[in-house]
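Peer 1: All chains should be built: construct the whole structure from the sequences, respecting the hints.
Protein chains in written order, with the numbering used here: chain B, 1 to 192; chain S, 193 to 384.
Some hints here could point you the wrong way.
Pairs of lysine-lysine residues, derived as DSS-like cross-links and limited to a Cα-Cα distance of at most 27 Å, are as follows [to be verified]:
| # | chain 1 | residue 1 | chain 2 | residue 2 |
| --- | --- | --- | --- | --- |
| 1 | S | Lys378 | S | Lys296 |
| 2 | S | Lys291 | B | Lys121 |
| 3 | B | Lys3 | S | Lys219 |
| 4 | S | Lys291 | S | Lys281 |
| 5 | B | Lys99 | B | Lys89 |
| 6 | S | Lys195 | B | Lys104 |
| 7 | S | Lys195 | B | Lys152 |
In case anyone wonders, no lab produced these hints; they're calculated from the structure.
The residues making up each chain are set out below.
2 protein chains.
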Amino acid sequence: MGKTLLGPQTLIYPMPTLLVGTHVDDKPNFMTVAWSGIANAEPPMISIAIRHNRYTHKGICQNLTFSINVPSTDLVKETDYCGSVSGSKVNKAEVCRFKVFYGKLNGAPLIEQCPINLECKVVHILDLGSHSLVIGGIEETHLSDACLTDGKPDVNKIRPFIYTRTPSQEYVAFGQVIGKAYSIGKELRARE
Amino acid sequence: MGKTLLGPQTLIYPMPTLLVGTHVDDKPNFMTVAWSGIANAEPPMISIAIRHNRYTHKGICQNLTFSINVPSTDLVKETDYCGSVSGSKVNKAEVCRFKVFYGKLNGAPLIEQCPINLECKVVHILDLGSHSLVIGGIEETHLSDACLTDGKPDVNKIRPFIYTRTPSQEYVAFGQVIGKAYSIGKELRARE
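Peer 2: As structure tokens, this is what we get:
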């Protein structure tokens with residue numbers, strides 16, 4: 001199988017679509033990010049990469065708190081909108097008709113319509129070049145009651161989605177289960 | 193819509209399933225990670241979170257280089273296997289019958305069967321508690337020729353997959369397109 005060199009590219013799949021909530025100049029604002037990942041287990045932390053000139057970057061630096069809101073597929077238009085326009089020009093929370101609520105952290109507005117809301121406190125901000133990598137300690141997790149099954153989060157009710165690129169930039173729903181983790185690979189142990 | 197508090201949890205969707213390649217004591221080894229994200233655009237960087245006691249952690253510290261390999265759905269068993277056993281006990285590359293090749297970086301073994309291979313050089317290692325957040329500069333990208341369309345990566349040929357949790361830990365294929373990015377949200381502009 002031949003390979004083609006593409007030069008250095010940020011090419012991984014899948015990427016999430018998450019709504020980052022901040023206060024900027026004391027008003028709630030939301031921005032869509034796809035460059036994010038879990039950063040630590042104990043204590044729980046998440047990382048998000050944000051360009052220095054973004055309005056949300058300003059809000060994170062002002063408050064040192066932010067939220068992560070996981071949208072479901074029925075919020076795909078709102079999620080796209082929040083990734084396409086700047087909060088310096090419009091009130092995105094109003095346009096999207098988000099019901100904003102708060103937990104324990106000031107400056108971390110949460111979206112009621114999103115099934116999952118994480119309240120985060122900044123632990124590190126790393127300037128990596130074009131972006132800051134913001135590492136946030138997760139202080140609290142809110143889950144919509146409608147997305148619980150037996151008291152636990154149920155991905156089939158949460159209905160999160162993926163951001164994908166190449167050949168075109170699209171949002172994609174979760175598809176079929178192709179295997180159980182920590183199980184489907186067991187048959188390879190016979191080759192050890 | 194009511195909300196339930198779950199305490200601090202690393203709860204985001206989707207997470208990727210990536211195979212991290214390193215040399216440990218001069219031998220290639222691969223580990224599956226789901227805690228990863230793009231960290232910077234210019235220059236291109238990626239982050240991965242790895243527990244301190246992992247064999248791969250040792251290899252990254254020895255070489256300060258590593259690879260990221262994006263598996264396709266037909267490698268789900270191998271991916272699960274590489275996330276379930278330690279390279280300190282078995283030669284995972286052999287068990288999985290990976291064809292290993294190299295690019296420009298020593299200590300960054302690449303898997304030919306994976307459609308995407310990134311060669312990375314360590315930029316930062318942050319000790320966050322249970323995990324190190326390893327930030328790697330992407331030095332080169334290899335793409336299988338069979339996954340190109342008009343010279344560009346084609347996600348429909350790459351066929352990456354998702355790691356998901358709750359209610360059960362599973363691998364999930366990509367599903368239906370639910371919207372075009374930077375497009376489907378445009379209708380909300382009428383509300384500005």
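Peer 1: Now tell me if each hint is right for this structure.
Peer 2: We went through each hint and held it up to the structure:
1. S:Lys378 x S:Lys296: violated, 43 Å
2. S:Lys291 x B:Lys121: violated, 43 Å
3. B:Lys3 x S:Lys219: holds, 23 Å
4. S:Lys291 x S:Lys281: OK: Lys291 of chain S and Lys281 of chain S at ~20 Å, within 27 Å.
5. B:Lys99 x B:Lys89: holds, 20 Å
6. S:Lys195 x B:Lys104: Holds, at roughly 14 Å.
7. S:Lys195 x B:Lys152: holds, 12 Å
Of the numbered hints given earlier, the model fails hints 1 and 2; all others are met.
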